[in-house]
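**Q** Keeping their order, the protein sequence lines are chains A, B and C. The numbers in my numbering rise by one with no breaks, and the one at position 31 of the first sequence is 31. Here my numbering = 1-based position in the second sequence + 1000. Here my numbering = 1-based position in the third sequence + 2000.
The set of hints was computed from the structure by calculation and includes no laboratory data. You may find that some hints are simply not true.
[Stated by the list, open to error] Now the stretches of chain A that chain B is said to cover, found in silico as 3 or more residues with beta-carbon under 8 Å:
no. : segment
1   : 21-29
2   : 33-44
3   : 214-228
4   : 239-246
No experiment lies behind these values; they were computed from the predicted model shown. Just so it is clear, CB atoms sit at the ideal spot from N, CA and C, and this is done for glycine as well.
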Amino acid sequence: MLEGKQKKRAKIIALYLLLFVLALIWIVPMYTLVATAVKSRQDFFSGIGLFQFPEKIAWDNFINAMTKGRLFLYMKNDLIVSFLKVPLGIFISALAAFALTRLKIKHSVGIFIFFLIGMMLPMQAALVPINVIYSKFKLLNTYFGLFYAYVGFGVSYAILILRGFMKGIPQDIDEAAWIDGCNKWQLFSRIILPIAKPAVATLFITDFLATWNEYLLASVIINDNAKKTVPVGLMTFVGEHGIDYGYLCAGVLVSVIPVLLVYLFFQRYFVEGMSGAVKS
Amino acid sequence: MRTRKITALLLSATILSTLGLTGCGSGSTGSQTTGGTASEGAKTDTQAQAQTASGGATELTFWNLSTRQNAIEPIVAEFNQANPDIHVTVSFFNTDGIKDACKVAASSNTLPSMWFNWGGSLGGFYVENGLTYDLTEYAQANAWENIYSAAALELCTLHGQLSGYPTSFNALDMYYRKDIFEKYGIAVPATFEEFEAACATLKENGITPISTAGLKGWHVMRFVELLIEHYAGAELHDELNNMTASWDNEAVVKALAKYQEFCDKGYFPPGFITADPDDTRMAMVMGTTAMDVQGPWYDGQIIQDGVDVNLFGTFPFPSGGSNRISAFAEMVQFNKNLSEAELAAAMKFMDFYYNDEHVETYSEYFNLPLPKNGAEAPAGQPNVMDILNTANTNGTFTITDQAFPTEVADALFDAQDALANNQTTPEEAAKSIQTAIEAYKNK
Amino acid sequence: MNKENKKEKVDLGAWLFLVPAGVIYLSVIIVPVFYSLYISLFSWNGIGDMKFVGLGNYGNLFANDPVFFIALKNNLIWIFLTLLVTMTVALGLALILNMQFRGRTFFRGFFYFPCVIAPIAVAIIWRWIYNPTVGFVNEFFKILGINYVQSWISDPKVSLYAVFAASLWQAVGQPMILFLAGLQSVSVDILEAAVIDGAGPVKKFFYITVPSMKETFVIVIATLVVAAMKVFDVVQGLTAGGPNNATQMMSTYMYSQTFQYNNVGRGTAIACVMVVMMMVVIVPYVSFTAKD
């Protein structure tokens, strides 16, 4: 018995050690980011080491990024776009993934692969055609236009994840539901979707992040300064003759906060797993 | 059951259409050009004006760099208020962003009324493809030759057309740390040999002679083109830049060989090939390097860094002949499809933007001095006038990456990289540049 | 009779589920796809006249263009490294972080954090880390007393791998949380039964965990291959394809051709080649795993 306990202890210690070593390697760039964000412009030229914190923390960088750099406005815009796009995109894709895995559709693999093509298309190749179409339909500079494009591009990845996850759900559940008199919609909304919570949560995090950090489409579709999103806004910190690194890094740090919050909120669903799946 | 499904679909449809309505409502105005409305950041009276005036006002769109946003936004708001019959909407981009945005807009026929551009092959692309308004007549009618400097007007003339409103004229000179030179008893070199000797002395004393960085190639090119000017002389250099003379010749080979020699001797910072050119100033300020090829904006940057600008001086690179230096211009191009009324409005705006009052209030957002005759240099920036005087006295040549189309410039940058890493010889490098030129001509 | 009706009902209703996604997808994706295919058959500068050249662009790429082959090679190396290194590290981290221990939530967030940072910041940070004189890596070597000086991203021999390392730091978080989600569906009961049967951790892993996560692997591999093929931001930010094309990727090359050299036809041809390459890898893989 004692041996067993010691073994377990040793295992845990080894685990923590490994984690700490990895974490040390991982943290170096992050530390640089933070150390840079608190340096004023003068600090860079004073010969200070990259990893040293300056004597005076340049809180101005953060404040300026939010106000003069309008980061606050950009974050607000990005939140609007992301919080509207992500649930809608997931919902639509879940409908499709559900159909592809649980309902009898001919060539469902073929249709799935068809949806995958969207993931493979390099975004740069889509810039001009989207610009042409949008200018014809007067969708340039509108959030609706940006939205529509985001949903369209996001469908591929979302279906990939949701389908993958839904395939893992045993068919017995469906059988039981049909017998109980459920129709397709009820099967979807009351049973399958709740089971797919880990996948939906993962997808929410991923999709939110992708939408939040999306640069190319946003820079082409949105020209109006008041509507710009965070990545486009961050690029305005890049100057003509030099980057004010402290300013930019401070801006980056501030702009990741909402994403981290979303992550923290949804990551608990990794733990919940198949609760309710092996059902009653 | 079924009804629930239908309800769900209807619900999604409603959500979509509501978003569509809100999106469209705050987006397009239905009027001309690219459909952007007044930026919410500007004063509310501008918005009110847009709504009341959208019927009869001349709508203009203006694209510029985001580094000037803090000056341009208030200027635009002021202008719109003072001119109720004109309405300017401005959009900002960063340096690479504006190039891409203009390209995409050109392909989809959505270029704005006016846009910022550089000269040379960058601006020339729009002229070649008939997208810009030819300002030659307007310039003659309004005696621009008396207002703007001849050099600026010349650099803005692309493919025989005066293609833009000149907004800045820049020349590159050799900035150096006066105190470091003094410390090691180095005099400002007047000949190429003296320059080499100066480099050797600096290197002996642990200072990297030249601060440069090769990411995207253009900063290293600033030095390499000076070597070409030295070995080829003024006339041949111009022909090389026009691609009328072959780059596969002795002068080019010698210049590239000398560049490779400098690399091998460690006259450039270690790992410079992928360093960011925006950082060359750091090494200069910290005194680890002593020279940097830069333009008049450098003074302003140095001051903003909180460093004493009097530590820095400039001298023209002793390439020989009249020691020409390289120069380039920036301008605002106008959309070819502007009506007469729109052109007049656009000019009114540009003149307003660049009037003396604004230049003084927002001086740090202008590339001073303006390319106008008799323009004044900003106070406290001693090197600016020196550089411009040198440009006028010694003469200038067009900076290589504007003289060349982008793909040929990239061939030169690749050669720079390869020579620095000893992957190629100067002869082969010269040939590869010429190959790129031929390929371009045969496109 | 009932069964027949039910079948009909199922079909129509089922297709209705596909409609919203299908409509948006078709209108946003399919037009650019066909547009790209079409444009790739022409020689065009984006504005002027279009000159039909058929497969000429493709011919030029494969026959006359050494840079294209460098880019192609680099992408293949990148895909290989991604599957070998990124996926392994992500899986390893997921396995560790799936175990019960205190602070695991914190560590999960910690390793995921780099994913969240904007690519331009990633490029800036790693440029400094690799800086030959004051960068962390060389400083670290100095502390250890190793006299190895390397210019990392400036050195054409190692720059691709140096850039990959930076990309690895940022990219691992994503597949890691996908694996974490997938690990939740591995039945604890079966695992326990296996332990009782005397199976060691390795056997458990390969015979139970991996097969249970088959669908997760489909997702991760498909995503990683696509990402490796399309990689752009971190390369463009760190080296812009240099030095001398040592880190040129298909996406950066396509970008130069289309937006800087105005060879729009050629650029889109590169994009088409990229899509075909991805399909060649992914379609068989997905079809194969879907057979059950």
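**Q** So, for every hint listed, does it hold in this structure?
**A** Hints and how they fare:
1. For the segment 21-29 of chain A, the stated coverage by chain B is violated: 0 residues have a C-beta nearer than 8 Å to a C-beta of that chain, whereas at least 3 were required.
2. For the segment 33-44 of chain A, the stated coverage by chain B holds: 3 residues have a C-beta nearer than 8 Å to a C-beta of that chain, and at least 3 were required.
3. Counting residues of the segment 214-228 of chain A whose beta carbon lies closer than 8 Å to any beta carbon of chain B gives 6, which reaches the threshold of three, so the coverage claim holds.
4. Using a Cβ-Cβ cut-off of 8 Å, 5 residues of the segment 239-246 of chain A lie near chain B, which meets the minimum of three, so the contact claim holds.
In this structure, only the earlier hint numbered 1 is contradicted, and the remaining ones agree with it.
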